[in-house]
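So for the sequence shown, our numbering puts the first residue at 545; every next one is plus one.
The hints are simulated quantities; they were obtained by calculation from the structure and are not laboratory data. No residue lacks a Cβ here, since even glycine has one placed at the ideal position from N, Cα and C. Among these hints, one or two may not hold up.
What follows is a set of in silico ranges between Cβ atoms, one per label pair, in the way DEER data are often shown [what the hints assert, rightly or not]: (1) 588 x 625: 40 to 50 Å; (2) 656 x 681: 45 to 55 Å; (3) 565 x 638: 22 to 32 Å.
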Amino acid sequence: MRCTGPRASGPSIPSAPPYGQGRIAVVDPEDIAAVAVAALTETGHAGKVYTLSGPRALAPGEQTGILAQVLGRPLRYEEISAAEAHTALLGFGVSPDLADAIMSLCATALESFTSVVHPSVEAVTGRPPRSFADWATAHRVEFISG
545 MRCTGPRASG
555 PSIPSAPPYG
565 QGRIAVVDPE
575 DIAAVAVAAL
585 TETGHAGKVY
595 TLSGPRALAP
605 GEQTGILAQV
615 LGRPLRYEEI
625 SAAEAHTALL
635 GFGVSPDLAD
645 AIMSLCATAL
655 ESFTSVVHPS
665 VEAVTGRPPR
675 SFADWATAHR
685 VEFISG
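Kindly generate the complete structure, drawing on both the sequences and the hints.
Given below as structure tokens:
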């Protein structure tokens with residue numbers, strides 16, 4: 545999840561979410577969909593709860609490095625404060641209540657539970673979860689054209 549948009553600066557584009565010391569085992573939306581399909585169409589899932597994650601917990605700087613490799617251009621992680629991120633959200637037209645909620649969600653990156661890698665995707669689908677690099681590669685064109 546991105547808490548703010550990129551800020552253009554010089555030959556590279558910095559990534560600027562707050563809470564840079566946090567690590568999140570981000571899950572690919574395709575993995576979420578695959579688990580949902582299995583849970584809804586196969587037997588044996590009734591009453592079960594699956595906690596999903598990606599295969600590795602990453603800090604924002606690591607995500608930025610992966611994006612730089614996939615895009616073939618320099619990117620750098622440049623952390624901003626939570627107050628600056630909140631102000632940026634308001635500047636994008638987000639309501640104050642929603643900006644507060646987004647910032648609360650971003651702050652969970654500092655909690656240890658966000659860095660736990662869970663086996664659920666592979667247990668349910670029979671394949672390992674896709675990595676952040678897999679996701680970035682699959683969406684490369686969207687980053688370049690957007």
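Results for each hint:
1. 588 x 625: 40 to 50 Å: Because 47 Å falls inside the window, the suggested range holds.
2. 656 x 681: 45 to 55 Å: Given range 45 to 55 Å: violated, Cβ gap about 29 Å.
3. 565 x 638: 22 to 32 Å: holds, 24 Å
Taken one by one, the earlier hints fail for this structure only at number 2.
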